Amino acid sequence: MPLDTLMPDMSRLVDFKRGLVNRRIFSDEQIYRMEIERIFRRCWIYLAHESQIPNPGDFVSVEIAADSILVCRTNDGEIKAFINSCRHRGNKVCRADRGNAKGFVCSYHGWSYNVDGRLVNIPGAKELYHDQIDQPNWGLPELARLDSYKGLIFGTFDAEAPSLEDYLGDVRWGLDLLLDQGDLVAAPGTVRWTMDCNWKFAADNAIGDSYHGAFTHRSAALAGHRSGTGTATKKNLNPADREGFTAIVEYGHGYNAEFYDESAVDWSSPLAAWRRDPAIQSKLGPVRSKVLRANFNIFPNLFVNSGSRDLMVRNPLGPTKIEIWKTTLVDRNAPPDVQRMQVRASNRHFGPGGMFEQDDGENWVQSTDATRGAATQDYDLNYQMGLGRAVPVDSNEGPLRFNGTVNEHGQRWLYRCWAEYMEASDWVEMKKNHSRPSEHI
Amino acid sequence: MVRTVMDSTNPSTPRRWTLDDIALQHELEQFLYDEAALLDDRKFEDWYALLADDLEYWMPVRANLMPRDESGEFSKIGDVALFDEDKELMGQRVRKLYTGFAWSEQPQSRTRHLIANVRVLDHISAAEYKVASNFIVYRARLARDEDVWAGWREDVLRKVNGSWLIARRHIFLDQVSLGSKNLSIFF
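Chains X and P, in that order, are what the protein sequence lines are. Be aware that the first sequence starts at 1, since it is given in the numbering used here, and climbs by one per residue. Be aware that the second sequence starts at 1, since it is given in the numbering used here, and climbs by one per residue.
Don't read these hints as lab results, they were simulated from the structure. Please note: incorrect hints may appear among the correct ones.
Listed below are several chain P residues computed to face chain X (Cβ distance under 7 Å; list not exhaustive) [to be verified]:
1) A63
2) M66
3) D69
4) D84
5) M90
6) Q92
7) R95
8) F101
9) S104
10) L114
11) L173
12) S177
13) G179
Some chain X residues flagged as far from chain P (calculated, every beta-carbon gap over 10 Å) [as the list claims (entries may be wrong)]:
14) T74
15) S85
16) A144
17) Y149
18) P188
19) R242
20) V265
21) D266
22) W267
These figures come from a predicted structure and were not determined experimentally. Glycine is no exception: its CB is placed at the ideal position from the N, C-alpha and C atoms.
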């Protein structure tokens with residue numbers, strides 16, 4: 001039976017007009033399988049940072065749901081990404097997380113591929129296969145499309161997807177808050193950890209949950225921990241008093257950005273220096289240069305924090321499991337001790353042991369656990385904060401955004417777009433029928 | 001590799017143990033066991049008192065690499081890490097537990113630190129020794145959560161006024177991807 005006929009009506013599970021979300025979408029196996037088909041095999045997914053593979057033969061091994069993906073720099077200097085699975089029996093042809101290789105040899109029967117994915121040798125091609133294998137057709141399957149935005153490499157399995165430029169669209173205006181801070185490269189090392197939560201609870205937090213900080217992270221604040229930016233003073237503002245904006249962007253992205261209060265930034269810290277750099281300020285312009293930090297969810301599963309310069313992929317490993325891959329960016333031109341100071345601020349704030357993030361995992365696992373009970377599922381989750389009260393910022397600069405940081409516009413937008421992806425049978429339908437941010441008000 | 005000193009020890013050459021060596025080995029082992037007991041007994045403030053003011057408490061990330069790249073297996077000091085702390089931050093971590101809002105430790109984890117293979121690697125200065133130990137830390141949380149972390153530690157233990165302090169603790173995990181939602185405990 002085709003998957004669709006078993007599927008419930010998505011618009012009944014997500015009622016964005018009333019701010020209600022059915023709990024089933026966070027743990028149902030069928031819904032998860034459909035998400036893999038309609039979201040993770042369709043959208044542009046963040047894979048790696050260009051600086052992680054600077055030289056020919058460099059590779060990193062990443063994952064899109066259960067698909068293992070090799071991202072390589074070819075001998076021509078081009079970046080390619082393909083499925084890390086031998087075409088003969090399917091074993092991974094590369095079992096290391098990263099490195100530099102002339103090619104990849106399957107450990108089972110020795111089929112070998114070069115760094116651009118071509119099948120270059122089959123042991124016994126002549127004697128055993130009588131030269132009847134059409135080798136050009138048995139290379140490692142390449143992702144349909146691959147592209148980068150300011151160093152961030154994204155790939156998609158779907159050839160019909162919009163260009164990366166169109167897919168990211170207006171969210172680039174926001175992402176530049178991070179990507180224009182300097183010549184950013186990935187600091188060595190990836191933090192990876194798993195937790196038993198649905199990927200959407202992590203996305204829903206990333207897209208702009210400025211509500212949870214004061215309570216979830218209260219213990220860290222009370223203990224004297226300040227922020228992941230390394231530049232905050234002791235002054236701690238009540239979230240409701242923090243000025244800033246919330247943005248929702250075509251195709252499911254969103255973020256919120258908090259303006260800084262002059263007195264809440266430690267201007268003596270070298271980590272604050274870029275905020276006074278006229279070249280960076282002019283690139284960012286008057287609105288964005290006032291932003292202390294912005295949290296993004298790039299649909300579906302990339303969390304970006306412009307304050308701590310972190311990128312975190314929340315890769316789904318099942319309806320109730322994710323693996324987080326955390327990368328910290330640093331300015332290539334900053335002195336080593338300043339880079340160290342910045343990475344340290346992130347190390348201490350985010351990650352499984354981070355003063356802040358250790359309590360996030362606890363919450364997302366609890367939220368997910370409470371979506372399994374058959375009787376509990378009768379009770380929708382409440383996403384009503386700020387419902388019907390989105391006030392567009394009155395400004396000629398930049399794309400549409402709403403006043404304030406503490407609201408649930410982003411979350412309602414996330415689930416609304418999620419339902420549209422789930423209902424659309426392909427990109428043609430999705431491109432035609434998806435909602436625009438201006439319709440959200 | 002980080003374990004240069006340990007690897008250079010050739011077990012086939014019997015070491016000449018003096019009674020002083022044996023007493024020192026015993027003293028350091030007992031210190032590590034007693035220290036672990038403070039953590040398992042949730043006496044975090046007492047444990048914090050064992051940390052030297054110039055403490056370096058660090059847990060790098062590990063990668064799964066081909067043998068030729070083995071030297072890059074652990075991130076280096078200054079790069080991405082799981083813990084990258086000084087005494088002040090450890091103080092915040094301990095205080096956090098007593099705020100009444102530390103959700104990842106309310107209810108509290110139930111931990112068991114198994115410390116073994118204790119080896120005195122180096123006599124750094126008059127009062128400082130470099131000591132390696134292996135660990136398995138088991139954690140049970142809530143009704144059904146379980147975590148196991150394995151690895152080794154390289155400590156610098158310092159004797160000050162007749163008492164031992166931890167001046168440095170480098171913690172090397174065997175896991176690449178941690179199968180635990182948080183690291184809200186101490187190693």
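Taking the closest Cβ pair, is P/A63 under 7 Å from chain X?
5 Å, holds
Given as non-interface: X/V265, partner chain P, CB spacing beyond 10 Å
Since the minimum Cβ distance to chain P is about 20 Å, X/V265 lies beyond 10 Å and the statement holds.
Going by Cβ atoms, does X/T74 stay more than 10 Å from chain P at every point?
19 Å, holds
Taking the closest Cβ pair, is P/F101 under 7 Å from chain X?
4 Å, holds
Closest C-beta approach of P/S177 to chain X relative to 7 Å, hint status:
Since chain X brings a Cβ to about 4 Å from P/S177, closer than 7 Å, the hint holds.
Would you check whether the claim that X/R242 is not at the interface survives, using Cβ distances to chain P and the 10 Å cut-off?
Non-interface label on X/R242 holds, nearest chain P Cβ at 20 Å vs cutoff 10 Å.
X/Y149 clear of chain P by more than 10 Å, beta carbon to beta carbon?
Its Cβ never comes within 10 Å of chain P, the nearest being 22 Å, so this holds.
A cut-off of 10 Å on Cβ-Cβ distance, and X/W267 was said to be off the interface with chain P. Does that hold?
21 Å, holds
Given P/L173 was flagged as interface, is its beta-carbon under 7 Å from a beta-carbon of chain X?
At 11 Å from the nearest chain X Cβ, P/L173 fails the 7 Å test, so the hint is violated.
Closest C-beta approach of P/D84 to chain X relative to 7 Å, hint status:
Cβ of P/D84 sits 4 Å from chain X, so the hint holds.
Interface hint for P/S104, Cβ within 7 Å of any Cβ on chain X
The hint holds - P/S104 has a Cβ within 7 Å of chain X, the shortest such distance being about 4 Å.
Measuring Cβ to Cβ, find out whether X/D266 lies farther than 10 Å from everything in chain P.
15 Å, holds
The structure shown violates the earlier hints numbered 5, 10, 11 and 18.
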